[in-house]
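**Student:** Sequence:
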Amino acid sequence: MPELPEVETIRRGLERYLVGHKIQGVEVRVAKLFEGDAKNIIGAKVVTIRRFGKGLVIDLSNKYSLAIHIKLTGQLIYRGAETKGVKVSREKVGDELPNKSTHVIFKLDKDAYLYYNDRRRFGWIRVVETSKVGEMPFFKSMGPEPFPSAGSGQVKLTLELFKKIVGGKKTVIKPLLMDQTRIGGIGNIYANDALFLAGISPKRSAKQISKEEAKNLFNAIIEVMEKSFKYGGASELSFVNVLGHEGEYQEHALAYGRKGEKCSICGGKIEKIFLGGRGTFFCPKHQK
DNA sequence: GGCTTTGTTTTATA
DNA sequence: GTATAAAACAAAGC
Numbered sequence: 016m017p018e019l020p021e022v023e024t025i026r027r028g029l030e031r032y033l034v035g036h037k038i039q040g041v042e043v044r045v046a047k048l049f050e051g052d053a054k055n056i057i058g059a060k061v062v063t064i065r066r067f068g069k070g071l072v073i074d075l076s077n078k079y080s081l082a083i084h085i086k087l088t089g090q091l092i093y094r095g096a097e098t099k100g101v102k103v104s105r106e107k108v109g110d111e112l113p114n115k116s117t118h119v120i121f122k123l124d125k126d127a128y129l130y131y132n133d134r135r136r137f138g139w140i141r142v143v144e145t146s147k148v149g150e151m152p153f154f155k156s157m158g159p160e161p162f163p164s165a166g167s168g169q170v171k172l173t174l175e176l177f178k179k180i181v182g183g184k185k186t187v188i189k190p191l192l193m194d195q196t197r198i199g200g201i202g203n204i205y206a207n208d209a210l211f212l213a214g215i216s217p218k219r220s221a222k223q224i225s226k227e228e229a230k231n232l233f234n235a236i237i238e239v240m241e242k243s244f245k246y247g248g249a250s251e252l253s254f255v256n257v258l259g260h261e262g263e264y265q266e267h268a269l270a271y272g273r274k275g276e277k278c279s280i281c282g283g284k285i286e287k288i289f290l291g292g293r294g295t296f297f298c299p300k301h302q303k
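With my numbering applied, the first sequence covers 16 to 303.
Calculated directly from the structure, the hints in this document are not laboratory data. Just so you know, these numbers come straight off a predicted model, no measurement behind them. In this text, a Cβ means the ideal position worked out from N, Cα and C, and glycines have one as well. A couple of the hints might just be wrong.
What follows is a list of derived Cβ distance ranges for each label pair [stated by the list, open to error]:
hint, residue 1, residue 2, range
1, ILE288, GLU97, 41 to 47 Å
2, GLY294, ALA165, 29 to 35 Å
3, GLU50, LEU87, 16 to 22 Å
4, VAL45, GLU263, 27 to 33 Å
List time: in silico DSSO-like cross-link candidates among lysine-lysine, alpha-carbon distance up to 30 Å [as the list claims (entries may be wrong)]:
hint, residue 1, residue 2
5, LYS230, LYS242
6, LYS179, LYS86
7, LYS226, LYS300
8, LYS245, LYS287
9, LYS178, LYS155
10, LYS86, LYS178
11, LYS245, LYS178
12, LYS300, LYS184
13, LYS274, LYS287
14, LYS147, LYS86
15, LYS218, LYS185
16, LYS178, LYS303
17, LYS102, LYS125
18, LYS245, LYS274
Work out the full structure: start from the sequences and follow the hints.
**Tutor:** This is the structure:
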């Protein structure tokens, strides 16, 4: 689902299209998704877009920021002069905006709009003072991440740090990878695919992973995420970029969602099990 | 209409 | 108190 590469894809889009715009108004259609005082962002200009793991922060010119988490099905779609004639994904977005999943609308200057759509309404948008973003529990407790965003102050996940995080832990490796307080940004898709690529069983205990294997796993995390940047993220559920376009990673996923299919590495058969309550895809033949 | 889905938060346990 | 595991929660499509 939307994990680091998807959120980064959105961040890059916002950086390109949203920065410089002034927010003229906010229409909140579903109140529970929007916390804080909307008045505090009216009249302010968008200055920078930061990402913390799977979270986004839009910094404004007046010392306030918008902290956003899209969870499973959130979309941020920009419409303005530059996107005139650009078609959005009919399947993921529909024919027109706003639509029935549009819960917050930001009216911008130059007759542009930013729509927040969220089919399952799990996400959130919070107005918060820029200086206090780091105090929000979700951001404060986040671990190092592989591709820290400029200005976020997030610690970069290096091989040395990764070995330290994995080393000696009693937990099972896959849930550990997905624990945002340990490593920021990895969710179910990339945890499955990184373990697959590194040839490590998701059921392994972290303490049983050798230094060499940890290195392979670290490199695999970087590799699958870079691959996803290339394909514009994974659009298995509702993910689209700010232009409303889908990503293509799901078509190139290694293990995720491939139950019963032939393993591309060893020819084995991909199985699905549950680990830590989450669907887990792996090849029992080569992932030991 | 019960089941499934995931990221995060909360509660329980060792 | 700390580390880990499990359960709860959000809402909607099938």
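**Student:** Taking each numbered hint in turn, which are not upheld by the structure, reported in ascending numerical order?
**Tutor:** none
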